[in-house]
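J.: With the hints as constraints, model all of the structure from the sequences given.
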Amino acid sequence: MEGSDKTPSINLDAESGEMEFSGKSIPENSAELYEPVMDWIDKYLEKPAENTTFVVKLEYFNTSSSKYLLEIFRRFEELFKTGRKVAVQWYYELEDEDMQESGDDFRDILKIPVELIVY
Amino acid sequence: MSGISEMKLNKRSDKVVFSYMGKPTHDMIDLLLEMSESKLKRIESSSTIVKRIVNVLIEILQNVFNHGEDFSVVDHQSFKYSLFKRGNDYFIVTENFIKTKEVKNLVSKLDEYLSMSDEDITKTFRKTLDNGGFSNKGGAGLGLIMIIRKSNGNLDYNFSKVDNENSLFRMSVQIKVE
Chain A
1 MEGSDKTPSI
11 NLDAESGEME
21 FSGKSIPENS
31 AELYEPVMDW
41 IDKYLEKPAE
51 NTTFVVKLEY
61 FNTSSSKYLL
71 EIFRRFEELF
81 KTGRKVAVQW
91 YYELEDEDMQ
101 ESGDDFRDIL
111 KIPVELIVY
Chain B
1001 MSGISEMKLN
1011 KRSDKVVFSY
1021 MGKPTHDMID
1031 LLLEMSESKL
1041 KRIESSSTIV
1051 KRIVNVLIEI
1061 LQNVFNHGED
1071 FSVVDHQSFK
1081 YSLFKRGNDY
1091 FIVTENFIKT
1101 KEVKNLVSKL
1111 DEYLSMSDED
1121 ITKTFRKTLD
1131 NGGFSNKGGA
1141 GLGLIMIIRK
1151 SNGNLDYNFS
1161 KVDNENSLFR
1171 MSVQIKVE
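Chains A and B, in that order, give the protein sequences.
At position 118 of the first sequence (counting the first as 1) the number is 118 in the working numbering, and the numbers step up by one without a gap.
For the working numbering, add 1000 to where a residue sits in the second sequence, where the first one is 1.
Be aware that one or more of the hints could be misleading.
Here are some of the chain B residues that sit facing chain A, going by a computed Cβ distance under 8 Å [claimed, not checked]:
| id | residue |
| --- | --- |
| 1 | Asp1014 |
| 2 | Asn1055 |
| 3 | Leu1129 |
Bear in mind the hints are in silico, worked out from the structure with no lab data behind them.
Backbone N, C-alpha and C fix where the C-beta goes; we use that ideal spot for every residue, glycine too.
T.: Encoded structure:
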């Protein structure tokens, strides 16, 4: 899915198990954007790949998007509990303390590995 | 923390980055964000600070749109927003109308979050993100906590009752630059 000024580019590949959100996620109506993604993920989880990697390279995101991100990660946490390999790669720019802090928030809350990567 | 009167724009010594008066529509809020970011990038060399201000602005302006009441029937200048620089610090000041019956709840939340230490506000943010659910207006209930967290509690507010149904909510958020 192509991104816009307010919504992220979303790439979901069921075969490789690689997923990526990049750009901005600041829609007023996050449900409209994320509900179809959640549906896709629920289907993916019925027959997941060996390794699942979720890459987040967001420049900005609002708090209602963060709620959906957590919901998505929670789904992968269930997969992780079954013994599958699951990783979240949280990218942030060197000077972006807020995005680093957000990565720390998710790492604190979640039981799946959240890797913080500077780019 | 200074009182809200001290956080008002001083036209002589403060540098206005952006100001707007009018209706808070979807399109206008998008435009305000875009223009504020673009003007900030021209005067602020720290990308950390620019991103922090924009992050806070996103929450403030979307909160106004989601929770503010449209008072345009009575007053076409139903929403005021200004971003200005004083010394090294930035101030975001907004004025919008809300329902008087919602004031008590908002005051109680603001005072609770403002009394917290940085560590406690981080814990509260994480707890609310983890358990908070979605409010009936579609937000995650996290916006206020986020604004207070990113401004290190440098937020002042006041209300004035317009009539039995409506109140004017004025908020000033200071982003300190070390």
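J.: Of the hints given before, which are not true for this structure?
T.: Failing hint: just 1.
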